[in-house]
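Protein chains in written order, with our numbering: chain A, 112 to 236; chain B, 8 to 842.
Hints are computed from structural coordinates only; laboratory data are not their basis.
The beta-carbon is built from N, C-alpha and C at its ideal position, and this holds for glycine as well.
Mixed in with the good hints, there may be bad ones.
Beta-carbon label-pair distances, calculated as ranges [claimed, not checked]:
(1) B/E56 / A/E228: 52 to 62 Å
(2) A/K128 / B/V98: 36 to 46 Å
(3) A/N210 / B/G796: 25 to 35 Å
(4) A/D189 / B/K485: 26 to 36 Å
(5) A/N210 / B/M812: 54 to 64 Å
(6) A/D189 / B/K604: 34 to 44 Å
(7) B/K61 / A/K128: 43 to 53 Å
(8) B/P809 / A/N210: 33 to 43 Å
(9) A/D189 / B/N294: 45 to 55 Å
Here are the simulated DMTMM-like pairs of lysine to aspartate or glutamate, each with C-alpha atoms no more than 25 Å apart in a straight line [unchecked claim]:
(10) A/K175 / B/E829
(11) B/K103 / B/D91
(12) B/K320 / B/D373
(13) B/K489 / A/D189
(14) B/K151 / B/D835
(15) B/K252 / B/E56
(16) B/K252 / B/E267
(17) A/K128 / A/E118
(18) A/K175 / B/D50
(19) A/K132 / A/E236
(20) A/K201 / B/E493
(21) B/K461 / A/E214
(22) A/K224 / B/D822
(23) B/K464 / A/E214
(24) A/K200 / B/D825
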Amino acid sequence: MENLINEYQSVAIEDVKVWFKAGTLKDFPSNRGGCIKYKNKQIAVFNFERRNEWYACQNACPHKMEMVLSRGMTGSADGVPKIACPMHKKTFSLVDGSNLNGEEYSIATYPVKVVDEEVFVGFLE
Amino acid sequence: MIKVIVVGNGMVGYKFCEKFIAKSGQEKFQITVFGEEPRRAYDRVHLSEYFAGKSADDLSMSTSAWYEENNIILNTSELVLKIDRVNKTIVTHLEKSYKYDYLVLATGSSAFVPPIPGVEKEGVFVYRTIEDLDAIMAYAKKIKQNGATEAAVLGGGLLGLEAAKAVRDLGLNPHVVEFAPRLMPRQLDKGASDMLQSKIEELHIGIHLNKATQYIDGENSIKGMMFANDELLKVDMLVISAGIKPRDELARVSGLVVGERGGVLVNNTMQTSDPFIYAIGEVALYNQMIYGLVAPGYEMADVAAEQILGGDKAMRETIDMSTQLKLIGVEVASFGDPFIENDDVVAIVFENKFSGIYKRINVTKDGKTLLGGILVGDSSDYNGLFQIYSNAMALPPNPEDLILGSRGGEGSTMGSAMDLPDTAVICSCENVTKGSICCAITDGSCETLSDVVKLTKATSGCGGCKPMVVDLVKAAQKSIGKEIKESICEHFHFTRQELFDIVKINKYTNYYEVIDHHGSGDGCEVCKPVVASIFSSIYNDTANKHVTTQDTNDRFLANIQRNGTYSVVPRVAAGEITPEKLIVIGQVAQQFNLYTKITGAQRVDLFGAHVSDLPEIWRILIENGFESGHAYGKSLRAVKSCVGNAWCRYGMDDSTTFAIELENRYKGIRSPHKLKGGVSACIRECAEARGKDFGVIAVEGGWNLYICGNGGANPKHAVLLAEQIDKETVFKYMDRFLMYYIRTAGPLVRTSTWLEKLDGGLDYLKEVIIHDRIGICEALEAEMASLIGTFECEWKQVLEKPRLMKRFSHFVNSDDKDDNIEYVPLRDQKMPKPW
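Model the full structure from these sequences, guided by the hints.
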């Protein structure tokens, strides 16, 4: 399990080496998540239409290591966009992956860009 | 730098550190803790939960980071052998020595092992540490493989009964052996012990009272216990839990004064005979007593910390030994002097053998003062009684009302928490008074309940005082004119009831309309499902209509389970099912390799379905006549029924037919919390209808309707709404009751809690829904009528609209399933690999 979680490290937009095409706009529901497969990784991608933003994070919940975050509910806390895990309602910032309940574990986040109706997620390799 | 050494790393030693850190401010101290066990201090009070699957880490009192942050050095697995009091140093078994300025002995106690011949035999254990528990578990496993089934626990006190439950959880039949003529001899009288005994025997735990054990039988390992009357109890394991013995060895070899029967002598500042050495917890002999409860230990820790830091706090003269706990599922409490009997005291006893309740209070002859009491089977009055006792408050004119409840009216005989004096201790684990809780709000240092908990630590011990703390915080907020609003979350400053009206009057049908007009921000996992549920309650919209704002289970129309797979429950109204349909369920389970279990509500639950398999599973089920069972929704789950007069020789009416009618009437309707019902055909109550949100029981001349019961964490029996009514009247009252609840309850508030909080209680509810006092019955019935009969199976909708199917694929960009899901075998089926 530790190994699984170590595969997910946040990627800053300036460090992106690979822009992976995750799908087109219509593949993703609005204000909800969709999960994409990239190599051996599962990444949750959110079309946060209400804020006119896209976010991506690891699909694994860092609490119990289940691949479920894409099925969580989006929202905000004090203006910070967040995702609530469907398993135990732990909430994480979609901006920096920090745990908004003050617990130790957090999630890795990834940059997303949309070009001509196509959605790309940024990775290091 | 002043050096403080704490010897002993148990609950009390830990509490000392916590209190010390909190009080020490900017002064420079170095705390070093020594523990002989290999781990951080853990919660020994909840040790039995280790059997139930909690890990040693779960029981920990704090994290290792906490020690680091507070600059405390923790030396585990290191035993202190000697104190050199002249040079103020200690020596450990690693032959290391450490200097101290102050030493705190918190070495606790060990299990007392009576000198019975043969106690050294294999298979005899004590019940004290995690290591003991590990050894017991390993031995039980071994002897079970050889066909052993019986095991004994020596000691019928608190811990002995805990141990008996642990033995039962290990799959052995426990026998509790007690020397005294009753169980929990220090807390209970004969009547209470009898009641507890019959409750425990129902759980197939043998009780042997008045038994002195002569010797332990067996060659090398235990084979039995021989009692004084030459009776042999054949057992293959024995757990001794016959009391505690203070761990005063270190004090003895170091020349400190100890009591005749053990324990380090302390004064009321917790100082031992050496003024630089303190003793706290179960090793300390205070007032000629060893106190084996955690609350006095915590208080001693507090006193010692304060003293070392130069304060003048002292231990109270009399220490309260009141306790409230749940033993093997039976509530037991005792407070004050439970036994007191003399000419000036009257004992009032209430006993109901049918429901297994025994209550006793000891009151002065003039009826003015409560001296103590015992509660078995139902200890819900404990908090109130304890406050009356400990604050010497005035009793009601008929003191028996305290345990009988006020017959007739619904008002509480205990009065409100605000009637207590400011000095009343509300949280006895952390010694927090009513005054300090209310002050924290009124002086502005706290705003909310969680602020108060953080500041005072109230409720952070056993948690028993929580309802009272909540009431006090609310009352204090009210007293400073603060508007107490149970707003839903940061996005809506409304209650659910207000939001319900907002949606209904403005005819909103979309979540974002509501938040844009009446809320702020982007919403969250709390308010979205509330609004979705309101839409459903008003328009009977299925969960398919508001996918984005539905809670996770409603979104996938299935219950998410431990490994991220789902479980599937088709509706089987009243539990009645044809053989053909049973075969279909079996075939679906086989085809998709699902774990199958009959639920407590007479339904079949199919576990382990991949999210992407759900549509296909439901296609087969629906083709064969099933529909969604809403097991995932805050909606009617099931109406359980007994077989009724169709088959049962006692049945007084047709409960199955009635249950089917009720289930079909309310299926699919969304509510603030999940709803369950039951119909029993006679008072034997095989459907457990009184443990449900609504329950109907056939009686001579009609049906009795009960409402607002529930199982769950705080079980409540349903209360009688109406007697001997016909089916039509049941439907009428049920429509009004459910609709009134749906309109007015807070989010995720169960019917039982809703009724508790309803001003005027059951009497008022009867006025509203039976006698139509506020003239809303017609409207309630009309609203319910618009919901009944508009049922649509959500799964059928999904299968008919390919657009709705899209949400059930695991990946957006691949047809693969989640490869992270792993199973392990379980009795010919499977379960998710443990976390």
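| Which hint numbers does the structure go against, in order from smallest to largest? | 2, 3, 5 and 12
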